[in-house]
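S.K.: Below, each chain spelled out in residue letters.
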Amino acid sequence: MSETRSLRKQSIPSLLEKLEQNGQRIIAPQPAGPSGTPWFTDLDRERHIDLEQMTAVSPKSGLFPVVEEILRFRKDGKQVVIEGDKVKVQPTVLFGLRPCDARGLRILESIFQEGEPDVFLRERRAATTVVAFSCTAADPDCFCTSVGGGPGDTEGSDLLLSAIDDDHFLVEIVTPKGKELVELGAGLFEPAKESEQTKVLAAVPVRFPIADVLTKLPALFNLESFWQEQSLACLGCSTCAFVCPICSCFDLEDEADLKCGSRLRCWDSCGQRLFTLHASGHNPRSVQSQRWRQRVMHKFSYLPERGRKARGSAPAEGSTSLLGCVGCGRCSRSCPVDMNLIERLTAIAESDL
Amino acid sequence: MSPENVYQPYLMRIDRAVDEAPGIRTFRLLFEDEECGKNFRFKAGQFGEYSVFGEGESTFCIASSPTRTGYIECTFRQTGRVTSALAALDEGDILGFRGPYGNVFPVDEWKGKNLLFIAGGIALPPLRCVIWNALDLRENFGDVSIIYGARSVADLVYKHELEEWGKRDDVKLMTTVDPGGETPDWKGQVGFVPHVLEKANPSSENTIALVCGPPIMIKLTLPVLAKLGFAAGDTFTTLENRMKCGFGKCGRCNVGKYYVCVDGPVFTLEQLQTMPAEF
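One line per chain: the protein sequences are A and B, in this order.
For the first sequence, the working numbering gives the first residue as 128, with consecutive numbering after it.
For the second sequence, the working numbering gives the first residue as 5, with consecutive numbering after it.
The set of hints was computed from the structure by calculation and includes no laboratory data.
Watch out, some of these pointers could steer you wrong.
[Unchecked claim] Computed, partial: chain A to chain B, Cβ under 8 angstroms: (1) K202; (2) Q206; (3) I238; (4) F377; (5) D378; (6) E380; (7) D381; (8) Q399; (9) T403; (10) R433.
Note that beta-carbon positions come from the ideal geometry of N, C-alpha and C, so glycine has one too.
Bound conformation, chain B alone (with noise of 0.2 angstroms):
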């Protein structure tokens, strides 16, 4: 194929894998021709479309941060065909990658505000990308708060940075689990994400808010979010429609006159506001 062929993948070399919950995987990448690994670049929020020749491709996000060059990482769950293929691959194995697709965070006009991350189960990897762009560009944000829930213990994802992040000083992480997901030595909170962001009660003065969840999660947190004064356009989350082309082409994530993969994923409340419900 000509490399103008937009469906052609990069060659990716799976460099660590991770289990982060069961059924949770983390794979970092590294490019296998060097020269495109130094050339590549993106922005907080986008997304690739993964394969395993012979099954398929898969979309998530890029989990790791574009401040951090030379590899990039997703987290996926095990669901479907192409999610079991590649979780059965291990460290040294090849992938595909297509990307990155899609819009971005406006971190860059965040400069001097506060940032507070609400994410829930799986959703997570595209706020920690957000999260590890502002920590290693830290002087930029006030305060950046991280309220983060799974259905249990054993759910949360990236244990290791969550342990990381509370131990700063200069971030305020709230982690919590659905009542009867907690262990005995559980030290963080039980409850929904709602209920904990009700509670903890951040101020929205000069703060921007990022929520990605499930439906359930991100429907319920909204309206507190409201409350506390935030202001829609203010408020950014990611749809996760599905997606085969990741450009514009296929017609899967069609939403009113947007799709997903190029207008978004990243949308303001404002924006989805405006939008048909078909996410």
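Isolated chain A (complex conformation) (with noise of 0.2 angstroms):
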């Protein structure tokens, strides 16, 4: 196990505050509009941290805004100019987020920086630490163990807290970064007391066996009933890639007057008509069917063998270390007709092709 600490559970405010103090911005789940429930957003005034509750939508913002402009011009006459600012980012902290949050970012940066890097996304994760508090409630949605990960996994923090009693957090030491962290709270940080963090841990039970999906999915790629059928709510209103935390297709769009503007970047979905409809007319993915099925291929077949791909053979078949998803649930809590993930993936398992 990694270096550890304790942290008494009163220190939070105190600890926010050091590193506020030290230039960082913080951006943690809490409550927002009326329902109450939590967004990542920058930690405000009143300090209302929620760590109870799942948030809403994942933190990706944090690394991959939802509008983010790559590039500025000005038109005078025909001359053109494109400003070259210095892409611009503050030391961060992602505060509050879930085991599966952090591995999804792990994920994201990944995509992005498969060959030709993306500057925006590099330089925005070089200034970010990422504190991540395990799991100590699960929810029927939850399915992080069915895809490699857990309720106490470290896998893209810096720091993971556990409350492993009424009045502390074991810390542990994750990275460099997340050393770094502690010790700008120097004082608020204590030697960790002896602890058995995977008792308070919140028991995620195995949905399905992702071994079958992964394996069963090339086949039944043409089978049309099958998507048809468990497609046949979706309303194509991308929500599920929007509160994503590894969605990451985007669009490019100008926004100007007559004499500058700006080329955004802007969150995009394959769930989406307009996504793959060519000038001509065509459009290969032309019914909602193919589009749910793009959805579940990107994310348990094409992303894993590109995976494969690009760091040789390993790691092996069924592997999930490479998926496209990392059982957050939150495509299943937020679908407005109820289209379930695990049911749906459990289908795919089940199925007899």
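With the hints as a guide, bring the two chains together.
M.R.: Right, dumping it as structure tokens:
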């Protein structure tokens, strides 16, 4: 096990204050809107951090904003000037993530760094420290343990905190960056007491055999009736992609007046009809069942296959480390027509093609 | 933006604008930064993102040959917001270009082989790049044959170049228009590309076939090529999926485990046969 410390629960506000004084931007789950469901937002004065409820939307916007200016230009008659600012990033602490969210950021990062690296995401990740909290409770939509994660998983976190009793967090220092953060909060962290972190972790049952999903998917591709049945209810609203910690498809759009403007990178989704529509009117994925199939295939077949190719032969067939899903369950929770991902992946695992 | 910003385009000046056919234009583009122009290299088959600042980006192949340096050319049809804005530009105007992206036609591996080009409509540009590439290194290749069809005589692109290729002894050119698309003085064939190909009955021996055209033309041409004995591994085409980024991030051109923008746009028929038909 990694180096550990102990942190009193009541010290959290002081820790956040110290980090802010140090110039860190803090993004944490705070209640938003009338429902009170927490969202990852910049820490406000009230400091009502909600570590109990699952946030509606993943923290991916901390690295990959919903809309990001990637270019600014000025037009003067026939001349065009592209303005040459450097990518501006502020040291940031992403605070209060779930282990699945932290793992999702790692996958998001690998997607953006494959081939031509995306400097925006890279710079932002380099300036970001991830403080996650292990899960002491799970709901029926959670399935991290079915896709290679777990309620106390440290992958993608710099620090992982576990509530070992009513007053204390056990702090696992996962990376040098996590250690730096502990040093910034000197005086608040104490030597760790003997404790068994696993005792407090949520029990998340394995919901379906992922190996069966991975092996059955390629052959299921052409079974159109299967995908039609799976997606009959789908509205194509893309809420699932919006809340997902890994979905990273984007659009590039210009916004400008006659003199100046910017090019923006905006979240998009393969669930949208326009996503693949050709200028000619031809659409390779013209119906919703094909778009649902794309969502499932991309996460559970194409990404793992690409990952295997990029890293040579290892890891082995059936490995979960390269999936486009961490089992956070947000898509199931927020789907307006109750398209439950566990049910659908179970149907894939149980299909007898 | 730092120069490592992968989204930052080169600024290009339109050196020459040619109206090819109704709604279809070709631009010859020079790099505003001469140093960039000198260092810029690409290979046949690659593409770029062309932009009008304030309107957005569009994806087209580089239609000029890599053997001709110092400039690039693109040919496009005015269809949507960006291509309409592009079409409204003229000589001297500035546009943006990112690239080159994607894989290449393995022209270097085709030394000593015959090349059969089959194109329809606005899909001649990606092959025109390879045609000039081969003609500029003519001694490296065997027979060069081109079958090109369009809906009507007016819709044929690169009319001057068709004339030039038609006059050359070392190029076998066949042009055709769809029935009803001919003019009284039309000297080419009348009929659809797959039929013209079947009638021409070219030998598949030691020959690479390159096919680019609308989906229906490709669909009907491939069985003819197979009948003529062309191996799937010797039949090349390009996929034209919608794209935004050009480097495998935005997800739009994903077909099976491939991103058309990085693993394509050049594919052999052999590869296409293993891919889901989402193109």
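S.K.: Against each hint, give a clear statement of whether it holds in the structure.
M.R.: Checked hints:
no.: 1; hint: K202; verdict: holds (6 angstroms)
no.: 2; hint: Q206; verdict: holds (7 angstroms)
no.: 3; hint: I238; verdict: holds (7 angstroms)
no.: 4; hint: F377; verdict: holds (5 angstroms)
no.: 5; hint: D378; verdict: holds (6 angstroms)
no.: 6; hint: E380; verdict: holds (6 angstroms)
no.: 7; hint: D381; verdict: holds (5 angstroms)
no.: 8; hint: Q399; verdict: violated (10 angstroms)
no.: 9; hint: T403; verdict: holds (5 angstroms)
no.: 10; hint: R433; verdict: holds (6 angstroms)
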